[in-house]
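Undergrad: Residue numbers (the working numbering), protein chains in the order written: chain A, 53 to 382; chain B, 20 to 343.
Be careful, since some hints might not be right.
[Said to hold, decoys possible] One-sided excerpt, in silico: chain A residues whose CB lies under 10 Å from chain B:
id: 1; residue: E133
id: 2; residue: S167
id: 3; residue: L177
[Said to hold, decoys possible] Dumping the calculated PhoX-like pairs for lysine-lysine here, alpha-carbon to alpha-carbon at most 20 Å:
id: 4; chain 1: B; residue 1: K213; chain 2: B; residue 2: K178
id: 5; chain 1: B; residue 1: K221; chain 2: B; residue 2: K271
id: 6; chain 1: A; residue 1: K155; chain 2: B; residue 2: K127
id: 7; chain 1: A; residue 1: K137; chain 2: B; residue 2: K127
[What the hints assert, rightly or not] Pairwise CB distance ranges (calculated):
id: 8; chain 1: A; residue 1: P356; chain 2: B; residue 2: Y53; range: 53 to 59 Å
id: 9; chain 1: B; residue 1: M319; chain 2: A; residue 2: S361; range: 30 to 36 Å
id: 10; chain 1: B; residue 1: L263; chain 2: A; residue 2: L363; range: 20 to 26 Å
Don't read these hints as lab results, they were simulated from the structure. Backbone N, C-alpha and C fix where the C-beta goes; we use that ideal spot for every residue, glycine too.
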Amino acid sequence: MKDEYLFYLRQMIQIRLFEDKVFELLARDIVKGASHVYAGQEAVAVGACAAIGPNDYITSTHRGHGHCIARGGRLDLMLAELCGKSTGYCRGRGGSMHIADVKAGNLGATGIVCSNLPVATGAGLAIKMRKTDQVVLCFFGDGASNNGAFHESLNLAGLWKLPVVYICENNLYGMSVPFSKASAVPHVSDRASAYAMPGRLIDGMKVLEVRDAVAEAVAYSRKGNGPYLIEASTYRYRGHSRSDPRKYRTKEEEEYWKGRDPILLFSQYLESEKIATEDEIKSIWAEVEKEIAEAEDFAVNKSPYPDPSELYEDVYCGWIQGKFDLEEVK
Amino acid sequence: MAEKYYWEAIRDAIREEMIRDPSVFVMGEDVGVYGGAYGATRGLIEEFGEDRVRDTPISEAVIAGAAAGAAMCGMRPIAEIMYIDFSTIAMDQLVNIAAKNRYMFGGKTTVPMVLRTEGGAGRSIAAHHSQSLEAWFLHPPGLFVVMPATPYDAKGLLKTCIRDPNPVIFIEHKMLYNTKGEVPDGEYLIPLGKADIKRAGKDLTIVTYSRMVLNSLQAAKEAEKDGIDCEVIDLRCLRPLDILAVFESVKKTGRLLLVSEAYQNCNFVNEIGMRVMEHCFDYLDAPILRVCGADVPIPMSPTLEEEATPSPKRILAGIREAMK
Chain A
53 MKDEYLFYLR QMIQIRLFED KVFELLARDI VKGASHVYAG QEAVAVGACA
103 AIGPNDYITS THRGHGHCIA RGGRLDLMLA ELCGKSTGYC RGRGGSMHIA
153 DVKAGNLGAT GIVCSNLPVA TGAGLAIKMR KTDQVVLCFF GDGASNNGAF
203 HESLNLAGLW KLPVVYICEN NLYGMSVPFS KASAVPHVSD RASAYAMPGR
253 LIDGMKVLEV RDAVAEAVAY SRKGNGPYLI EASTYRYRGH SRSDPRKYRT
303 KEEEEYWKGR DPILLFSQYL ESEKIATEDE IKSIWAEVEK EIAEAEDFAV
353 NKSPYPDPSE LYEDVYCGWI QGKFDLEEVK
Chain B
20 MAEKYYWEAI RDAIREEMIR DPSVFVMGED VGVYGGAYGA TRGLIEEFGE
70 DRVRDTPISE AVIAGAAAGA AMCGMRPIAE IMYIDFSTIA MDQLVNIAAK
120 NRYMFGGKTT VPMVLRTEGG AGRSIAAHHS QSLEAWFLHP PGLFVVMPAT
170 PYDAKGLLKT CIRDPNPVIF IEHKMLYNTK GEVPDGEYLI PLGKADIKRA
220 GKDLTIVTYS RMVLNSLQAA KEAEKDGIDC EVIDLRCLRP LDILAVFESV
270 KKTGRLLLVS EAYQNCNFVN EIGMRVMEHC FDYLDAPILR VCGADVPIPM
320 SPTLEEEATP SPKRILAGIR EAMK
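If we strip away everything but chain B, and leave its shape as in the complex, we get (with noise of 0.2 Å):
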């Protein structure tokens, strides 16, 4: 098995499905030459061509669209939108057109379209390069939702999810892109609705998914100081929803922990609570807690988009909390 970097494994991801499939194609903004903002499309113009990479104007609403025009006349386009900050001018065509068509035509449509994005804070880069929006894609039905917090997860699921038949909104880090880890040689798959157990525990289960999941590790290993043994369950998708994987673990700790980047206002975690305490409420020992982002607008200075993001220390905090 060799080391690889997070872009590096959503490269080879996309390579070995176009060399596979020959419908398969990437547009997006500086995804040619440039190679993608973060370089996750890096090479691919040079093996597969400008029909198959397509660098687009800088138009999401027509890069979502006509994504999903295509997935549904035969192709499987990988579309990319720079920052998910920008996929608000591409929203109607996601929420509203890839969405809901097979519903509304009763079901007589396929729309398989990824829409590669990243988010998240970290490079002080303010409040239109870092937000985590991944609730608003959650809200209407239709859009399935990726997240991987390591390269081998990134890898296994992006292949999935390009074969997929439904929408897909793959949302990577910004911060995780230079991160590396262990990602087989041969082909593998991962099943979009597994959660992953990141590490196991028994007094407290941790619920979070992207590069929260690095930091709640990290604060997980510092609570072993307090003599506190935590579960981390990576959520790697938020649709299709492994909620089951969540009850087990509450049930086996009764504790719950829960932990997003994103704002904390509407945050998707916060369904996450709801439907424990409908389904697993006998089972708590304590109240479910979170650690957020602040509802503010992501500031740019250091000190600031610190304070606004859940940093292992907070999510100690939030850890003891959850314990007392």
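Same shape as in the complex, but just chain A (with noise of 0.2 Å):
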């Protein structure tokens, strides 16, 4: 149990600290492009997918640093690939929003709200039509859950009782509008009744919390009795963007979530259940700072921008468009 503890902690630490190099090398124009960051819901992605084994999918989302990472991602081929450069998991293709590994069970992020839906209830109809006993977890935002999309997906896996647990993060914002002012009912997981599924509301902040229930969830959706919701409640520390300004929330709110992080919550439990000691919790710091200096000297000083040359590689599988617009097959 320590060791799986342990585990939790430095994977939750491993994305705060990735986020927060990320951020730094965003300032520098290091890292190119989109700044979703996940600090503040690392317990979501990390207790959810503590809930799986190897042969099970996950979906993501634009701001999926924190699944890629908690599904076993490296965080140098991550660091690489938000710089662009050609040893990043997509050769520099994808970035921030399209990080995939498909291989393990990571079929990607997005950078279109909810669109991710739809491809998470299809991985689940082909485990179905299979008869294999894997799940999908899908992640999605509150945003994501007043899209069409949603309830189209939702209704099919209802339906067809497909073995997908859809787990929605409600950090609150839709960028900057309020769920309160975006939903017509306060929660997400009341929907549930609306497809047949059982609907839970959680605490996102509390990883042990949200693996449990997923593990729960899981345990019932691989039985073959469909989906289910999942709520979580939780916060992101940082804007929408890097150029969000947050006026639309307030210190306060700011710091009453940050009085319930994540994982000063889950060392406090270590340390009053003599699980691990104020010692070894900062030395699981120490090593992934130490783990994040080398992703970031991979990715930044050993790492190539991909040649111009790949510009049209594998646009199609098996055929390349010419960009003289001569097509040849291969």
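Both chains come to you apart, so use the hints to assemble them.
TA: This is the structure we're talking about:
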């Protein structure tokens, strides 16, 4: 148990420090492009991914670094991808919003809110048709729950009893608009009854609570009972993206949530239950810092940019549309 | 060789591939007991059962997106969107997910799905059931687009599409389902990206696809009376595009007429004209001309609908103009 718990703590710290590094490298213009960081929500991804096995799938969101790390993603390959380097997970084609590791069961992040709910539903359909006992964890935000594809996906999954656990990370704001001004009902989990699936509201700042709730949902879905909807209350510490001044929320609110920091809460728990000492926890922070520094060195100093000649590769499988528009079948 | 209807050829292609590969399955609106709005899945649910022939709710986004997700996880879905006009609702899943995942993920996934749909005017069913929207799928990279004109092509191409590792938009034409043509009894495949010369000629090249192949052949026959010998190239696939077949023909005839039922503005054939300009300019003896659908929402009334669609008569006028 101790190893497991320290692993959760380590993963949450990895996400936190990875996101700090991303923010720093963005400011220095080394990481390019978008910056939807996951800091504050660590317990959701880590707790949920702790509840599945190596053959299961996840789908992620535009705020997806945490899901990727929790699913066992390598920090060096992720940071290289964010820097647009050829050594990155997607050879520099995707960046922050499109990291995937399909072989490892991560069907990818996406730049369009709600667009992975149908994909997760289809993955669930593939599992059902192949009659394996896999499940899909489908992460999405409160913002996605108001998109039409949410309804289409949950209805189909409920109808066909697909093994998908839909995990809504309600961080209170769809960019700047509070959920209370975007939804007719106060909780996403309230909607589960419309789709003939269980719905459950949980504290997304407590990693063990998330793990246990998701484990129960996964067991339910694995047995062929159909999908499950979990809403995890959480908070993103930084703005929607780096350019966000956060005018729509108060300092008091931010302080309140930082008092419920998932890493802080779990560290306190580990110490009070005498599972780990303060020194052990400190040494995990130090180890992860070192890991991040190595990832940075790999991504920033040791990785080349893609060669421009690669531009047209892999748009299609087995066929390249040449740059003079003279197609050839390979 | 037997004569078969276009719808039968499509049904037979799906059936044969479902027998050959257990990962192939069908999903869409009314594809089960109803047999598809135009009958192209008739009999499949009786033969393969509800697990592999799935009636869906009227939920186009999840039909397309679930097909993409299932394809990424080892299945070979054939999803159906009843009318191409309804693909607007599925567009995000098609152009942002199915089309792009392979590239965005650094080539580390494939999305082997076929999305069958149908388009075109001719049944007086007006602006939401008559469009030719292929250009929308050709603008962003990532999707193959296949538009057969004959039962023979429909069967051979669909079988290839089902086996292809890329996402394919397979667009049938509502006025072709009840046309008949020769279809071999045994198995055959038609490679993607190979145009077919439906009529050889030396004076003028007509480049077209789908139902407009039939209208163009009719017009070409009329043009014989004027002593004009037209070559009619059926593209069959708009991506991969057999542009070399077009170049070869234009180099021979020196004249090009493009025919498409889709709206003229931003029509895909405009792109073909541009490429001929870039690569065959010195061979052209006359300006490239086109006969396309009118830039109006397709009207219901038969006289107006006819006027909005390239008829053999309008194509013949185009041929005469191109020969001036």
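Undergrad: Now tell me, hint by hint, if it's right for this structure.
TA: Verification of the hints:
1. At its closest, the beta carbon of E133 (chain A) sits 8 Å from a beta carbon of chain B; the interface hint therefore holds under the 10 Å criterion.
2. The closest approach between the C-beta of S167 (chain A) and any C-beta of chain B is roughly 6 Å, which is under the 10 Å cut-off, so the hint is satisfied.
3. Taking 10 Å as the C-beta cut-off, the interface hint given for L177 (chain A) holds, the closest approach to chain B being about 5 Å.
4. Pair hint K213 (chain B) plus K178 (chain B) holds up; C-alpha atoms about 15 Å apart against a cutoff of 20 Å.
5. The straight-line distance between the Cα atoms of K221 (chain B) and K271 (chain B) is roughly 7 Å, inside the 20 Å bound, and the hint therefore holds.
6. Restraint check for K155 (chain A) and K127 (chain B): satisfied, since their Cα atoms lie roughly 8 Å apart, inside the 20 Å limit.
7. This hinted pair checks out: K137 (chain A) and K127 (chain B) have alpha carbons roughly 16 Å apart, not beyond 20 Å.
8. Between P356 (chain A) and Y53 (chain B) the beta carbons are some 56 Å apart, a value that agrees with the proposed interval 53 to 59 Å.
9. Taken as a hint, the range 30 to 36 Å is violated for the pair M319 (chain B) and S361 (chain A), whose Cβ atoms sit roughly 52 Å apart.
10. In this structure the supplied range 20 to 26 Å holds for L263 (chain B) paired with L363 (chain A), their Cβ-Cβ distance being about 22 Å.
When each numbered hint is compared with the structure, a violation occurs for hint 9 only.
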